[in-house]
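Visitor: Under the numbering used here, the first residue of the sequence shown is numbered 64, with each subsequent residue one higher.
FYI, nobody ran anything at the bench for these hints, they're computed from the structure. Predicted, not measured: the structure shown is a model, and the values here were computed from it. Using N, Cα and C, we set each Cβ at its ideal position, and we do this for glycine too. Warning: the hint list may mix true and false statements.
Okay, the calculated beta carbon distance ranges per label pair [what the hints assert, rightly or not]: (1) Ser123 <-> Asn492: 57 to 65 Å; (2) Glu347 <-> Gly446: 41 to 49 Å; (3) Ser522 <-> Phe737: 28 to 36 Å; (4) Glu339 <-> Lys135: 25 to 33 Å.
In silico BS3-like cross-links for lysine-lysine, where the CA-CA straight-line distance does not exceed 25 Å [claimed, not checked]: (5) Lys473 <-> Lys444; (6) Lys591 <-> Lys669; (7) Lys666 <-> Lys681; (8) Lys229 <-> Lys444; (9) Lys666 <-> Lys687; (10) Lys170 <-> Lys229; (11) Lys495 <-> Lys444; (12) Lys271 <-> Lys666; (13) Lys752 <-> Lys681; (14) Lys444 <-> Lys99; (15) Lys271 <-> Lys669; (16) Lys669 <-> Lys681; (17) Lys687 <-> Lys669; (18) Lys229 <-> Lys271; (19) Lys444 <-> Lys515; (20) Lys666 <-> Lys591; (21) Lys271 <-> Lys285; (22) Lys170 <-> Lys97; (23) Lys99 <-> Lys169; (24) Lys229 <-> Lys99.
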Amino acid sequence: MGRAVTVATCALNQWALDFEGNLERIFRSIDIAKSKGARYRLGPELEICGYGCSDHFYESDTLLHSFQVLEKLLESPATQDIICDVGMPVLHRNVRYNCRVIFLNKKILLIRPKISLANGGNYRELRWFTPWSKARHVEEYFLPRIIQEVTGQETVPFGDAVLATKDTCLGAEICEELWAPNSPHIEMGLDGVEIFTNSSGSHHVLRKAHARVDLVNSATAKNGGIYILANQKGCDGDRLYYDGCAMISMNGETVAQGSQFSLDDVEVLVATLDLEDVRSYRAEISSRNLAASKVNPYPRVKVNFALSCPDDVAVPTCMPIQWRHHSPEEEISLGPACWLWDYLRRSKQAGFLLPLSGGIDSSATACIVYSMCHQVCLAVKNGNADVLADARRIVNDETYIPEDPRELCKRVFTTCYMASENSSQDTCNRAKLLAEQIGSYHINLNIDAAVKAVVGIFSVVTGQTPRFSVYGGSSRESLALQNVQARIRMVLAYLFAQLTLWARGMPGGLLVLGSANVDESLRGYLTKYDCSSADINPIGGISKTDLKNFIQYCIENFQLTALRSIMSAPPTAELEPLVDGQVAQTDETDMGMTYTELSVYGKLRKIAKAGPYSMFCKLINMWKEICTPREVASKVKHFFRMYAVNRHKMTTLTPSYHAENYSPDDNRFDLRPFLYNTSWSWQFRCIDKQVNAL
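Construct the entire structure; sequences and hints are all you get.
Guide: See below:
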């Protein structure tokens, strides 16, 4: 009898609405799975059209083209003799569902709609799809004519059912259903399902991977079974980076692990596992068996096919492995770097331009680009033909082979130090030295002439000349003069991004990179439409604390010694006049709070859902050793005033790599008003009442 089943899962770098490319990557994954002996292949969520189609899901074109791709898959010899499980949107009785379409040898076996939709944080599935609410219920789905002509079927089962093959039983979950408190795998396992599948569209967040791995392993630890997870990978057109981590687990232990970050568009994991190990594991769990005797059975779709071979006693099976997690510093080095590479090659631009100030944030951004160049060279060295072809197109050289990250950096990365009369020689030197060590094409320029010209126009019109505070001007004058410098840098950044390569006799344009971190965005410590306004920002979802740790990681792993002086220097915007040639302005003094405090405020505001009063109540305990209740109250009030005054800046925040769950990104993740009553009168009165009582 058949015992050893060979199954495959994959991580695919799909792209929203790229039906041609998505189909090609699906075919490649099936070819690899079959070449390794797999009899079942699982792909990511909505892999045919791409997970990030957003409001394009409303369009009938998206449904039509998805079925056209399905037609190509069904009629291809490549999909014969292997059960293929693909994801796409399906309209059933005028209701749109997020579905798995499972087929074998030109016959659709089952269309399984998603039961629990992801609708928090970055996810908005309820906007486009309806959850299937009929548990263990199956209906007839009438196939489109183009599919009928291939399959010879008029209708197929649609609903909450499982597949019964000759040798085992398979049940499907889709992404969020694994995270739900009443996951389908619980009841399916009690009903005799031995192989659980999960097709995901799960994005990267710092320190999140272990949670996904733990959930998969725990799914089979209590109930026994084989769990197969597929996931999207890469940037499919927005702020998120889907981080792969395809995996296969059995009886609570990982047996196959995919990479979390890589430039491979197609990654396939294959494992051979013994079904008898599942059955013997379950046999001794008496509580499970008692519950199983009372379970409400699932409809079973019979499949005349086996995942095992009759004579498989000598077939070797996979053994448990130890999952290796990346450190947060490694995640910052790899995740945003892979996201940048996807964005660069898919936007068909020739590289990046970064205003490099010599501070931690812009230096961390430069290091991420350098890490991207490392990953490209490593992928080419490992034989990745796709990466080589993309690199040659980007640098406009059909014979080019990227081998040295510094040399590649010189071709695709331009850094620009924009000095003013308020800039110190120290930051200029630090920026220049870092540019030399990573290999970027570096530009030094001075913006004073442009600043004087703009301020001169104002003076001619009004007859007034604004002055900095140190020269007797008001705070309004000083802030306006600082903002002029910052905004001119943004204008010049885009000018040089468009024309630098032209001036060097090279084709193409550059993408402008921003470098505001998540804490500064939360506080609003940035000038609206300054250098924080860019095409994309790889560090916009990363805290200052994590960026400092990342800088230290780069010193040790990339031998970028220029970063040592950058790490030791106090963060400064350098927008106010120097005092005796030295910087007098520092970020934390300007903000009235430290970056460490900002991270705490951000996590309490977003993750703990704390308003001013709740935040005060939590912090008087958290900070009882260092602050009095009155000091805590003052800090909380100051944060919320500054947050409210500056929230409008979030509406124009540069699209940033999403890495933190307290991101203030107004686009989709953190939906709040941007015109507040900044006095918070009722809330602050509640705080004052509590302070007086204490």
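Visitor: Indicate, hint by hint, whether the structure satisfies it.
Guide: Hints versus structure:
1. Ser123 <-> Asn492: 57 to 65 Å: With a Cβ separation near 59 Å, Ser123 and Asn492 satisfy 57 to 65 Å, so the hint holds.
2. Glu347 <-> Gly446: 41 to 49 Å: Check passed, 46 Å falls within 41 to 49 Å.
3. Ser522 <-> Phe737: 28 to 36 Å: Check passed, 32 Å falls within 28 to 36 Å.
4. Glu339 <-> Lys135: 25 to 33 Å: Between Glu339 and Lys135, where Cβ atoms are some 38 Å apart, the hint is violated.
5. Lys473 <-> Lys444: holds (19 Å)
6. Lys591 <-> Lys669: holds (22 Å)
7. Lys666 <-> Lys681: It holds: about 12 Å lies between the C-alpha atoms, which stays within 25 Å.
8. Lys229 <-> Lys444: Answer violated: Lys229 to Lys444 is near 44 Å, above 25 Å.
9. Lys666 <-> Lys687: Holds, at roughly 18 Å.
10. Lys170 <-> Lys229: holds (17 Å)
11. Lys495 <-> Lys444: Violated, because 30 Å separates the two Cα atoms, which is more than 25 Å.
12. Lys271 <-> Lys666: holds (15 Å)
13. Lys752 <-> Lys681: holds (16 Å)
14. Lys444 <-> Lys99: holds (24 Å)
15. Lys271 <-> Lys669: At roughly 17 Å apart (the allowed maximum being 25 Å), Lys669 and Lys271 satisfy the hint.
16. Lys669 <-> Lys681: Roughly 14 Å between the alpha carbons, so the hint for Lys669 and Lys681 holds.
17. Lys687 <-> Lys669: holds (22 Å)
18. Lys229 <-> Lys271: violated (38 Å)
19. Lys444 <-> Lys515: violated (50 Å)
20. Lys666 <-> Lys591: Roughly 24 Å separates the two Cα atoms, so the pair holds.
21. Lys271 <-> Lys285: The given pair, whose Cα atoms are some 22 Å apart, holds under the 25 Å limit.
22. Lys170 <-> Lys97: Roughly 18 Å between the alpha carbons, so the hint for Lys170 and Lys97 holds.
23. Lys99 <-> Lys169: This hinted pair holds, its Cα atoms lying about 21 Å apart.
24. Lys229 <-> Lys99: holds (21 Å)
In this structure, the earlier hints numbered 4, 8, 11, 18 and 19 are contradicted, and the remaining ones agree with it.
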